Amino acid sequence: NAGVTQTPKFQVLKTGQSMTLQCAQDMNHEYMSWYRQDPGMGLRLIHYSVGAGITDQGEVPNGYNVSRSTTEDFPLRLLSAAPSQTSVYFCASRQGLGTDTQYFGPGTRLTVL
Amino acid sequence: SQQGEEDPQALSIQEGENATMNCSYKTSINNLQWYRQNSGRGLVHLILIRSNEREKHSGRLRVTLDTSKKSSSLLITASRAADTASYFCATDDNSGAGSYQLTFGKGTKLSVIP
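Protein sequences, first through last, are from chains P and H.
Take 313 as the starting number for the first sequence in our numbering and just add one per residue.
Take 279 as the starting number for the second sequence in our numbering and just add one per residue.
Because the hints were derived from the structure by calculation, they are not lab data.
Incorrect hints may appear among the rest.
[As the list claims (entries may be wrong)] Simulated pairs of lysine-lysine, BS3-like, Cα-Cα distance not exceeding 30 Å:
| id | chain 1 | residue 1 | chain 2 | residue 2 |
| --- | --- | --- | --- | --- |
| 1 | H | LYS384 | H | LYS334 |
| 2 | H | LYS384 | P | LYS326 |
| 3 | H | LYS387 | H | LYS334 |
| 4 | H | LYS348 | H | LYS304 |
| 5 | H | LYS304 | H | LYS387 |
| 6 | P | LYS321 | H | LYS384 |
| 7 | H | LYS387 | P | LYS321 |
| 8 | H | LYS334 | H | LYS348 |
| 9 | H | LYS348 | H | LYS384 |
Model, not experiment: these values are computed from the prediction.
Start from the sequences and build out the full structure, keeping to the hints where you can.
Right, here's the structure in full:
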């Protein structure tokens, strides 16, 4: 199993550009989520999904869209990039609620100029 | 908002010493998990302790949970240089049916000096 994969690993955008961060998992997990990690802030939840066709907002959803058309894929779209979105983005998945381990992807380091 | 807060923010010890990190949280929880992050990498799950458990061991790791004080500690015994990483606590809050979010603290950065 590849686990949770993310592409690209690095990206530089100009303010106002849009892009999609890709996330895929091959563990047939129902739950997937996107976090951003900023220095001194820990991880903050952007959006999450409890299954195909179902998404919901996390703590910091503004400026981001998600969709979940399949169990495997959970892309994160930046609609109009802003310097405040410069961060490291992590995708994660887990089978269910409660005591299930959350598996993280390797991250995408995004810089918005 | 951040649920867990780790303490200290940074910790530097000699190889072979024990490392203790603490986590405090605000609301009632179902369970608490500890994760490790090596520099430039994703987070890796270390150990989970349920709200009805008080202590749990896994290899050189020992986790305690005090729900009355809303706090947890992670002890790494006989530390190695390879333990150098950031450590995060995460809570699965008990806010109601369907609650999914794992809420992470800001982490403790551990440096183990050879």
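Practice task
Verify the proposed pairing of LYS384(H) with LYS334(H), using a straight-line Cα cut of 30 Å.
Solution key: Distance of about 22 Å is within 30 Å: holds.
Exercise for the section: Quickly compare the C-alpha distance for LYS321(P) and LYS384(H) to 30 Å and report which way the hint goes. Expected result: 23 Å, holds
Exercise for the section: Compare the distance between the alpha carbons of LYS384(H) and LYS326(P) with 30 Å, and conclude whether the hinted pair is satisfied. Expected result: 29 Å, holds
Practice task
With a cut-off of 30 Å on the C-alpha distance, tell me whether LYS387(H) and LYS321(P) pass.
Solution key: 23 Å, holds
Practice task
Below or equal to 30 Å on CA atoms is what counts here, so check LYS304(H) against LYS387(H).
Solution key: 22 Å, holds
Practice task
Decide if the proposed pair is consistent with the structure: LYS334(H) and LYS348(H), CA atoms, cutoff 30 Å inclusive.
Solution key: Since the Cα atoms of LYS334(H) and LYS348(H) sit roughly 16 Å apart, the hinted pair holds (cutoff 30 Å).
Practice task
Quickly compare the C-alpha distance for LYS387(H) and LYS334(H) to 30 Å and report which way the hint goes.
Solution key: 22 Å, holds
Handout entry: Pair hint LYS348(H) and LYS304(H), alpha-carbon separation not exceeding 30 Å
Key = Holds, because 7 Å separates the two Cα atoms, which is no more than 30 Å.
Handout entry: Restraint status (C-alpha distance of LYS348(H) to LYS384(H) at most 30 Å)
Key = 16 Å, holds
Checked against the numbered hints given earlier, the structure satisfies every one of them.
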